[in-house]
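Enquirer: One letter stands for each residue in the lines below.
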Amino acid sequence: MWEKLLYFDRRIIFVLIGLVVIIPFLTGWMVPHGQITPSTQNLYNEIESLEPGTPVMLVFDYGPSGMPELHPMATALTHHILSRDLRLLGVAIVVTGPSMCQDVVAPLAEELHKVEGVDWVNLGWKPGGVVPITQMGENIKRTYPSDFQGRPTNELEVMAGIRDYQDIGLIIDLASGNAPGAWIAYAHDPYKVKLATGVTGVMAIDYYVYLQTGQLCGLLNGLRGAAEYEQLIGKKGFGFLGMSSQSVAHLVIIFFVIIGNIGYFTVRRSRQRSE
Amino acid sequence: MPGAAGGINAIWGISTEVIGIWLAALLTLAIYSFLYGDNPVYKVAEHVFVGVSAAYGAALTYHLAIIPKLYNPLFRPDLVPDADEPQYILIIPGLLGLLIFSRFIPRYDWLSRWPIAFIMGLYAGLSIPRVIQTNILKQMQATIAPLLPVDAGGEYLLFSGFENLLLVVGVVCTLAYFYFSLPHRGVMGGMSRVGIWFLMIGFGAGFGNTVMARISLLIGRIQFMLYDWLPTIGIHLGSGPGVG
Amino acid sequence: MRLQIPIAIGFVAGMFMFVQFFIPHQMIKASFEDALDWAIIIGAFALVLGLGSLFRTHIDKIRHRREGFSYSFVTLISFAVMFFFGIFYKTAPHTTFDWLFMNVQVPLEATMFSLLAFFIASAAYRTFRARSVEATLLLSVAIIVMLGRVPISDKIPYLNLHEITEWLMMVPTVAAKRGILLGVALGAVATSLRIILGLERSHLGGGGGG
Amino acid sequence: MMTGGLRQTGLTLVLGALVACTLGIPACAQETAPQSFLAPTQVRVQDDEADKSGTRLQVEWTMPTGAERVDEFVLEGYRIYAAEAGEELVPFEVVEGAGTTETVVRDLWPGKEYEIQLSAVYLPEGQKWATDLKDPTKVITPGAVETLSASVGPYQPAAAWYDSAKSNVLLVALLYSMIVLLCFHFARRRETYIRPIAGLEAVNDAIGRATEMGRPMLFVSGLSGIGDIATIASMLILGHIARRAAAYETPIIVPCNDALVMTAEREIVHQAYIEAGKPDAYEPQNIFYITDSQFGYTSAVDGIMVREKPAANFFMGYFFAEALILAETGNMTGAIQIAGTDADTQLPFFITACDYTLMGEELYAASAYLSRNPLLMAQLKGQDYGKVLLVAGLLVGVTLATLAIFVAELQPWFEKLLAWLQI
Chain U
0 MWEKLLYFDR RIIFVLIGLV VIIPFLTGWM VPHGQITPST QNLYNEIESL
50 EPGTPVMLVF DYGPSGMPEL HPMATALTHH ILSRDLRLLG VAIVVTGPSM
100 CQDVVAPLAE ELHKVEGVDW VNLGWKPGGV VPITQMGENI KRTYPSDFQG
150 RPTNELEVMA GIRDYQDIGL IIDLASGNAP GAWIAYAHDP YKVKLATGVT
200 GVMAIDYYVY LQTGQLCGLL NGLRGAAEYE QLIGKKGFGF LGMSSQSVAH
250 LVIIFFVIIG NIGYFTVRRS RQRSE
Chain V
0 MPGAAGGINA IWGISTEVIG IWLAALLTLA IYSFLYGDNP VYKVAEHVFV
50 GVSAAYGAAL TYHLAIIPKL YNPLFRPDLV PDADEPQYIL IIPGLLGLLI
100 FSRFIPRYDW LSRWPIAFIM GLYAGLSIPR VIQTNILKQM QATIAPLLPV
150 DAGGEYLLFS GFENLLLVVG VVCTLAYFYF SLPHRGVMGG MSRVGIWFLM
200 IGFGAGFGNT VMARISLLIG RIQFMLYDWL PTIGIHLGSG PGVG
Chain H
0 MRLQIPIAIG FVAGMFMFVQ FFIPHQMIKA SFEDALDWAI IIGAFALVLG
50 LGSLFRTHID KIRHRREGFS YSFVTLISFA VMFFFGIFYK TAPHTTFDWL
100 FMNVQVPLEA TMFSLLAFFI ASAAYRTFRA RSVEATLLLS VAIIVMLGRV
150 PISDKIPYLN LHEITEWLMM VPTVAAKRGI LLGVALGAVA TSLRIILGLE
200 RSHLGGGGGG
Chain L
0 MMTGGLRQTG LTLVLGALVA CTLGIPACAQ ETAPQSFLAP TQVRVQDDEA
50 DKSGTRLQVE WTMPTGAERV DEFVLEGYRI YAAEAGEELV PFEVVEGAGT
100 TETVVRDLWP GKEYEIQLSA VYLPEGQKWA TDLKDPTKVI TPGAVETLSA
150 SVGPYQPAAA WYDSAKSNVL LVALLYSMIV LLCFHFARRR ETYIRPIAGL
200 EAVNDAIGRA TEMGRPMLFV SGLSGIGDIA TIASMLILGH IARRAAAYET
250 PIIVPCNDAL VMTAEREIVH QAYIEAGKPD AYEPQNIFYI TDSQFGYTSA
300 VDGIMVREKP AANFFMGYFF AEALILAETG NMTGAIQIAG TDADTQLPFF
350 ITACDYTLMG EELYAASAYL SRNPLLMAQL KGQDYGKVLL VAGLLVGVTL
400 ATLAIFVAEL QPWFEKLLAW LQI
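Residue numbers (numbering that gives the first Met the number 0), protein chains in the order written: chain U, 0 to 274; chain V, 0 to 243; chain H, 0 to 209; chain L, 0 to 422.
So here's chain U without its partners, still in its complex pose (with noise of 0.2 Å):
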């Protein structure tokens, strides 16, 4: 029987991914809550900590294949400063940004009735990486000179009395790759910014160690701390559908490495023995 369980056809395994990842989508189904990283609850408790009215810049340096981990942070950080009454401006150093900022902000801010160019901005892509998020050092306004729309941004309301980083409450780069690592040297560490960052598992690591050295005042990692954010603000969604997903993967790939093991070691005993 072990025999079998040691050779048995893969797509057994496929069948099974697919299914547990699927089965919180269609169910609703979700896990329990876990503790909330600190990370995650400092980032939460900066929001809180801002005057209505204070600007925070959430940066959308991620594309398509960052949109199961970072756009339910994105939601919930989107809804979190929408409503409190902070106004939000999307930004972008990673070309595919703007059409994220785009499709997560403008539904929401219909949600919160937020008016766009009032309470929040699109402010779409600038090349050169790191050149914008230097010039923004010295005038945000002339880096942006107009919004993703196409219109002037001295215009806007939400610009109002906005000229450089030290006008912004917090900065938030919800990046699918190392563009964190950008924002930390050429904005926070030359103009002192408050600067926070959600990034996709796999990155996260990468981060950590800058916040211990406290360049970085928050950092949420992954769809875990998309569930985490989820759970601070009393809104559950798919950060918690998908972190479900992932718990009960992992768990399922344990579970086949510790049956193979089983196996593996049961056929080798019984072999030596009728040896």
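One thing to keep in mind: the hints can contain errors.
[As the list claims (entries may be wrong)] Partial list, derived from the structure: chain H residues whose beta carbon lies under 8 Å from chain L:
1) Q19
2) K28
3) G42
4) A189
5) G197
6) E199
[As the list claims (entries may be wrong)] As a list, the in silico BS3-like pairs of lysine-lysine whose alpha-carbon atoms are at most 25 Å apart:
7) K125/U - K89/H
8) K127/L - K125/U
9) K308/L - K60/H
10) K127/L - K137/L
11) K125/U - K191/U
12) K137/V - K89/H
13) K234/U - K154/H
14) K137/V - K415/L
15) K28/H - K125/U
Honestly, the hints are just simulated from the structure, not real lab data.
Cβ atoms here follow ideal geometry from the backbone N, Cα and C, with glycine treated the same way.
Position chains V, H and L relative to chain U; hints supplied.
Expert: This is chains V, H and L only, laid out in the frame that chain U set:
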């Protein structure tokens, strides 16, 4: 997904957005069918993928390389900022590029080595300082730390000292594993063994840490099928609970 | 001469790229960017050869009616359609080219990428066997990290898997990674040197080394 | 010359102020009661110290005091012009805000001489500062008035021919190159011992197996393109495998995702067949281009693996996420798989899914090892000396760092070391 295709919003009364979603959904299922085994549906998807992506690459090369970097500077300098006359120097890379086609003339096929030699030399020279910067200097700097650090209050930080020690031991033993010109026996053997352990811990952690990211890719596709495609056939799962 | 000229070309190109790194003067910086553009131009010519090889493969298949030749039509037609819209129309957002890219290539890419969710599971099952000390280390660390990444592990008493995971990622993993990176640097620089100095000639039709 | 430049700006000019100031009385603004628009005074220009490329000048000036408001106009910013000797005056920068009195002029050319001129920009009261979207040096607020200062100069942005901040890279490069070159030099005299590398010993077995089974072999040289040394190392390995494949007349399939790599690999494999004495057996069609798309390429190689069922798969070079897709599919088809990569993120997957894996540096050692050429073997010796140096450096550094905790005099030395390693 953008709805309009070149200004056309609908074909035979079906919106291009819906057609796009169906196209994407069918191709998604076609690729997944490979998990069961090779089959005609996967073959079609694979061949579409190759054709479309090769053409995409070719079109971008045309628009982003050939036109702005070669054709315009040589033949249409008026379209190039800060240039009044043709940049004749570009004839050199143009000729080098043309030499690649000498492969089709057996007598002169050795000429095709010139562009290859140029490119390989170029990148070899470029890589030396870059690799030294990022792989040697940066890594060395990060590893050099006191084995018995003190905090601001003068207290010894034993555990972080242990961590630094472990880092140094790990780096040295991993390098010992890669040592080629000595047999891995005795001290060298012991060190390289420890090096392998470090490598294995690193690989295990790398593997375990990536699982999550790969599962979320699947989540992304499933979300597309459930929340973009299903609604086109009248099945609405809602927009997810709460936010979303 | 057939060997000397390409060796000289490689040497000049390599030395220029090495030396320019240390010269901040705008004149050198500009010619560095030009050199990279030259490489892109040559690459564009090579692409013509590459596409020629792609067409030839499929046209040959069709001509000789080899197994599965009908799929070759699929590739050729897909290419023709995408190329037509890409060259004769604009590639900007909301064009047919972009529509094809977003609804054909993007989902294909994302789905192919997501196959990894299945393959990572089957690879773990198939190969994570405690056959030796090394294999045991690899599989136990992988399991600890997998557990430490999901909130369920918070429920395990006395064992903070989350922190253990973080520690494993920050200390031993980093040590191994640095060892690899340092070794790679030595190998890459030595290989580059061999190419610049013309000691490596297999790409120049001169045999492997010597 | 001046009018030409100014017409470009599209702004109204107040010539009175211009003449007054160009007459060489820089302090004119302070002395008279502001009846009219005034220009910035005391324009000071110097080379930008931080810029070594020689493209920038630092400009400072003094605000025309007392003239922040003139009738219905408010001083809102400045424009900075530069002119090469005998050439037109060209706007280079705009500065928003009357209080800002310094900026950096970029995009100049080293060695050229520039005359610098500044203007104060007055906007009608209540109007907002607006610049042209395409040309950010152009102020487009309706009714804006601009007054030009006296021209100063000529100034030359200074460029450096050596970046001393990169001395550390140069030193390491020269030292290590010397070691490797010395090893090459002494190579001919002595035989070098090289430890066995499991993955490489297996290469010949894999070729043998494919020959026995009468099935082809598959070679993938990574996805990082010809610009990566890992790809070049991979192509060198391909040369050795192709030589054996030629001798046994076992076909080797090489799908490519970079056209330049394909061109180079055809050359290498062709050469290998000539060396093996079988130039006629060489089939260029077996080395073919598919697409440069990462996953388009992966899907096609997957297809080749399940349809052609190669007996041996070689994955050598730099890989991204496709590594595991390729290796698992190859495993399903039952091929013997040998991988080699310096991509530390993909090593875990090759290690688990392939039969043998060349890790990191072993990829670079492979071509030397396979050729058994004494010159190339010497390279490995050189790499080993490099390792000894790195370890020695590391130990010295760590000892210094630890001692510096106890001996205060050592602290500056430790800091110097860290600063030297800074890139």
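Enquirer: Against which earlier hints does the structure fall short, listed by number upward?
Expert: 1, 5, 12
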